[in-house]
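All chains, full assembly: derive it from the sequences and hints.
There are 2 protein chains.
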Amino acid sequence: MTATEDIHDLTLKSIRVLIADLVQQFNGGHPGGAMGMAAIGIALWKYTLEFSPNDPGYFNRDRFVLSNGHTCLFQYVFQHLIGYKHMTMDQLKSYHSSRLDSLCPGHPEIEIPGIEITTGALGQGISNAVGLAIASKNLQETYNKPGFPVVSNHTFCMVGDACLQEGVTMEAVSLAGHLGLNNLTVIYDNNQISCDGSVDLTNTEDINAKFKATNWNVIEVFNGSEDVLEVAKALAESKLSTDKPTLINVHTNIGIGSNVENNCSAHGAAFGEEEVDRLHIINGFDPGLKYHIPAEVYEFFGDLVDKGDAYTQKWSKLVAEYVFNYPELGVDFQRRVNGELPNDWKNYIPSKFSASPTPSRASSGSVVNPLAKNINNFIVGSADLSPSVNLIWDKKVDFQNPQVNTSCGINGDYSGRYVHYGIREHAMAAISNGIAAFNKGTFIPVTSTFLIFYLYAAPAVRYGALSDLKVIHVATHDSIGMGEDGPTHQPIEIAALFRSMPNLNYIRPCDSEEVAGAWEIALEANGPTILSLSRHKLNQYPANSKRELVKKGAYIFKDIESPVLNIIGVGAEMGFAYESAELLTKYGLPSRVISFPSQKIFEEQSTEYKRSVLQRGQIPTIVIEAYAPNGWERYANAGFSMHTFGKSLPGNAVYEYFGYKVDSIVERIKSYMIRVQKDKSILWEFQDLNC
Amino acid sequence: MTATEDIHDLTLKSIRVLIADLVQQFNGGHPGGAMGMAAIGIALWKYTLEFSPNDPGYFNRDRFVLSNGHTCLFQYVFQHLIGYKHMTMDQLKSYHSSRLDSLCPGHPEIEIPGIEITTGALGQGISNAVGLAIASKNLQETYNKPGFPVVSNHTFCMVGDACLQEGVTMEAVSLAGHLGLNNLTVIYDNNQISCDGSVDLTNTEDINAKFKATNWNVIEVFNGSEDVLEVAKALAESKLSTDKPTLINVHTNIGIGSNVENNCSAHGAAFGEEEVDRLHIINGFDPGLKYHIPAEVYEFFGDLVDKGDAYTQKWSKLVAEYVFNYPELGVDFQRRVNGELPNDWKNYIPSKFSASPTPSRASSGSVVNPLAKNINNFIVGSADLSPSVNLIWDKKVDFQNPQVNTSCGINGDYSGRYVHYGIREHAMAAISNGIAAFNKGTFIPVTSTFLIFYLYAAPAVRYGALSDLKVIHVATHDSIGMGEDGPTHQPIEIAALFRSMPNLNYIRPCDSEEVAGAWEIALEANGPTILSLSRHKLNQYPANSKRELVKKGAYIFKDIESPVLNIIGVGAEMGFAYESAELLTKYGLPSRVISFPSQKIFEEQSTEYKRSVLQRGQIPTIVIEAYAPNGWERYANAGFSMHTFGKSLPGNAVYEYFGYKVDSIVERIKSYMIRVQKDKSILWEFQDLNC
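Line order of the protein sequences matches chains A and B. Numbered according to the numbering used here, the first sequence spans residues 1 to 691. Numbered according to the numbering used here, the second sequence spans residues 1 to 691.
Calculated directly from the structure, the hints in this document are not laboratory data. Where hints are given, some of them may not hold.
It does not matter which identical chain is meant; a pair holds if it fits inside one copy or across any two.
Unchecked claim - Cross-link-like lysine-lysine pairs, in silico, DSS-like; alpha carbons within 30 Å at most:
| no. | residue 1 | residue 2 |
| --- | --- | --- |
| 1 | Lys551 | Lys314 |
| 2 | Lys661 | Lys395 |
| 3 | Lys373 | Lys46 |
| 4 | Lys307 | Lys85 |
| 5 | Lys661 | Lys93 |
| 6 | Lys440 | Lys551 |
| 7 | Lys600 | Lys678 |
| 8 | Lys46 | Lys558 |
| 9 | Lys610 | Lys314 |
| 10 | Lys647 | Lys440 |
| 11 | Lys647 | Lys346 |
| 12 | Lys647 | Lys93 |
Rendered as structure tokens:
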């Protein structure tokens, strides 16, 4: 063996044994994949990636995403070896412990320095990686000048057999191939083992051919658990691709060296004390010596901190010269690097709107399109519903491989900021998470489709919330009032999911003014937002709706003297609430109207404010919304809601079919109020008034 | 032209003009795809499919699924032409109307005779079709004998460009290829147009190569909007495949003949009166004559009713002879055809369980595995979590292509009833919908993965609910108590989605006895059920839990004299409720315990029963569950719930971290009760006691 081979060998053995030790410690975790991938790790961090341990957030770093997140020890152990200060051996030992200060959770989390994005559910990471590559590509095309490659990073992503079976992966892969993202390398840890056993229990496709059919380069490495240089060569080759993303199909051995090598038992359990001892011995280590990394191994990675410092210094210098040479572009670039919007961004939001009935999807377009047109942080796209979601601005340029000439003649380039995601809702949301994760605030990705189809995207929406990524989801056609497409397309239970999802703002504005407020919230938020918008025209309430008060979650929309009840109106169904309240007031039941665009934001308000709005215990509150009621019971004593799926009828007819008609609503509320007068105890039990 | 070509030509023109008329009528709908696919329709219903208009449910019929459901006029118009009695011209004219008796909704719905399954959201139908093919294959292998092909049907599925972009499609396609389902033909309406414009805006992959890489036959037809016989030939050829499913890539022209032919404007809007008139004229029809089908066209399809009758008669005779020759198998087959379980199915469910702490996933296994082993209606599978979900029974046989020899040596054949779905949660649920839709009750598909990953599968779970398909989803690892895998794997908001989804039972049993009750509910239900089960061991309550009372949704778990409060315990968190109640009672606050496995089932009970359980207005109720609270406010005045994502810690530690510890729960409840005593008005506002 050469000296290089020697040190690779020692390093591989050290890492494998360390991983076995760490998993044995608390008798839990995922050792096999991490062990099998050790050679890939050396090839990546020693020989390929540009990064800086002293500055994990270095803007132009190569991004690395661990899509097979359960192998996180792989990344933690390498973080330790390559000099990330936070990742001490003591921290490594916190894996699977009950230590609250642990930086080694069961799956990688974005809050940990050097982790680009939280992964775990399979298929998310690779889709995020496509987003990271899109972000970089767009910045390159927007800012780079001859001699000034201020953005030049590459994105690398590890996937396992499992990630490649997930639908979201195949969506993202298809789009990445179409877009020709040559700055993306996916490394496939091909160990042919998953939880159930060998992969051929369920998958016998030709992965290489499948990727080639989807416009990818494919490189194959056969001895991938041992041959560091061969992997490094493939990684280097992938960076030279001119017009395609690259899949490196690396054949590895899960649980290499253990008695369960190449067996599914190596995947998710400790090996047992005896076997760990044996592993120490066959790898040349003393079984008594746990958590041991030889000095030579530390030394082998010892140059990486200095190299990292050199990268960041060189880049800072390059940027300084760039700003000097291209002052206007340079200032803009620095703003993006700082993750800022132009100070005057709010000026693009209309201060007033037409008073004629307007679909809230159109209101949304009138708010965001001037922003998207003028502010290059925005990168907007649709899952093939561009004509329906009102997100196209004048002279938009598509983010597109400039080599593609489309049949419909709408072409683009990599500086474009409108993405045709295709009918790939899940990948759209996951890719947008990746774009947002490139660097906080540099991009504001906007996605769009019908609210119902965000159920396809829900796992990615969840990861955005979990990772606090500012992605804005424009969800139109958000009520049964969307009409004839019928129950398959009418959302009933979708809001209940998103209202209960932590860290996510789900906002359902009732008119253009509230839409403006909702967009302001979304743009000022840290995490993701879903804007829930109507297909059909909604009445406008210039005298009642207030964008500033949307930021309270709920507010008194129409007050009245000596009210005897509150009616909560929400989004597309505000009209029913408003008109019912007017009629009830006329009939001697003075009714206040409360607009309630966001439960989550309302919960964040003071008790005093909440009480001033709802007057709980003083007067009954009735909610009108054409969704499942779940959650409204917190604010209302009774309500009109949906307990079945919808129906294929024109918008007005479907509302009426389910009892959403002012006359009948008013009658039912009157009879409810009579019942309440007779027996106050019914206030204790939420009443479904249209059941 | 030959006479055949003549009648094809007239039929094509009649259909295209009729579709234009029907969409123009109410100025809405999807004409283009249906027009472009007309030749495929002739090839299918005139020349290929075995079906019976007089008996739409004929057991051995070829199944046809319209995965691109928005082109539903295609199917409605052909139903009319081929003699389905319900589909009159008057009914066709109800498309997009406000008629409540319409059988022509905006997307095909299973309740309509001849519609195999509800489709609409893209990718569902093709995945359902894979399920239909699996069902048929399994029956063939189980029952057919030489000379007695009692099950011999083929499954055909139409897809559009859009379906093929959806991830769930690629999951189902990959599995269908692996399984070698030669009884499945997918017909690709390749018009290269989607809503945004030409498909090459977002997709430039080589579909044929992609399918071939996934073990599919591919046949290409180029003149697919005109050449009926070429399509019919391809369909016939696909039926001869010996070991692979077939994709027929049929090139068509969306909106053929219209001024928006091959343009996205043809997709989802009426053409306008003038253009419809022009379409009449160029196709040789009088513009004044709307909704007109020439007599020759009716005549052309006139033989199909008799042919259908002949099919059903022949099959009935075949089955009668089969029963005579194979009496035991024949009786079993007839039971399956009738969609029945053996009468004694409940005997397989244990009447008692061990009193030692047991994970409810294990309880579930002990209930269902004897059923699945002994009753061949069950077809069980997992999304690569077989070792974790406790669904493997002794001597199970995998549903597997017998030609595949797996590396791990676990092989199977088509009579097997355990499916390795792979890491394809969405397809697993959608395929299971298809299996259930084969014939009501013939199969009971069981799926399994962690609860959190049912979010990937949620759109398909929804379609099962919408179509009333009895599929049972075994969702394990259903609480933060699952531990170290962390927030990516700990469900917080998932229950809120499924509790608010119409027609779906979401049941969270607290111990083995309740698990037995939950399975009984699932097996007696009409629609789908999610069983929400723990990874970790749960205490058993033989004196308290009652399987019969699970069927009430909630019940008094432990009563007490003169209670001052109710504590609701749910599923894996029952222990906290039960022990807290004991301690509080000891401390002078006599506390009843309510077990609450299902909100939806509880809502179906009488008001009297609900009041007897909850005593709303008499004593406060506190719920303890480690999920988002949304929905519990209906039943409780206060609660312990989750308002953030979870944390990567061992199970006990993560519970404790979020305040789920008996001591601290008791302290908080005591202080809550003191506050209530001082000021009853706080009962009006739901209190989050661990915030």
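Hints versus structure:
1. In this assembly of identical chains, Lys551 and Lys314 lie within 30 Å of each other by CA distance neither inside one copy nor across copies; the values are 44 Å within and 69 Å between.
2. Taking CA atoms no more than 30 Å apart as the test, Lys661 paired with Lys395 passes in neither setting, with 42 Å inside one copy and 59 Å between copies.
3. In this assembly of identical chains, the alpha carbons of Lys373 and Lys46 never lie at most 30 Å apart, being 42 Å within a copy and 53 Å across copies at closest.
4. For a Cα distance limit of 30 Å, the shortest separation of Lys307 from Lys85 inside one copy, 15 Å, qualifies, whereas the shortest one across copies, 78 Å, does not.
5. Taking the shortest Cα distances, Lys661 and Lys93 sit within 30 Å of each other only across copies (26 Å), while inside one copy they are farther apart (63 Å).
6. Proximity of Lys440 and Lys551 under a CA criterion of 30 Å is satisfied intra-copy only: 23 Å inside one chain copy versus 50 Å between copies.
7. Taking the shortest alpha-carbon separations for Lys600 and Lys678, only the inter-copy value of 29 Å comes in at or below 30 Å, while the best intra-copy value is 34 Å.
8. For the identical chains of this complex, Lys46 and Lys558 are neighbours neither inside a copy (65 Å) nor across copies (62 Å), given an alpha-carbon limit of 30 Å.
9. When the C-alpha separation of Lys610 and Lys314 is checked against a cutoff of 30 Å, the pair qualifies neither within a copy, at 54 Å, nor between copies, at 71 Å.
10. In this assembly of identical chains, the alpha carbons of Lys647 and Lys440 lie at most 30 Å apart only when taken from different copies (23 Å versus 43 Å within one copy).
11. In this assembly of identical chains, Lys647 and Lys346 lie within 30 Å of each other by CA distance neither inside one copy nor across copies; the values are 40 Å within and 37 Å between.
12. In this assembly of identical chains, the alpha carbons of Lys647 and Lys93 lie at most 30 Å apart only when taken from different copies (17 Å versus 56 Å within one copy).
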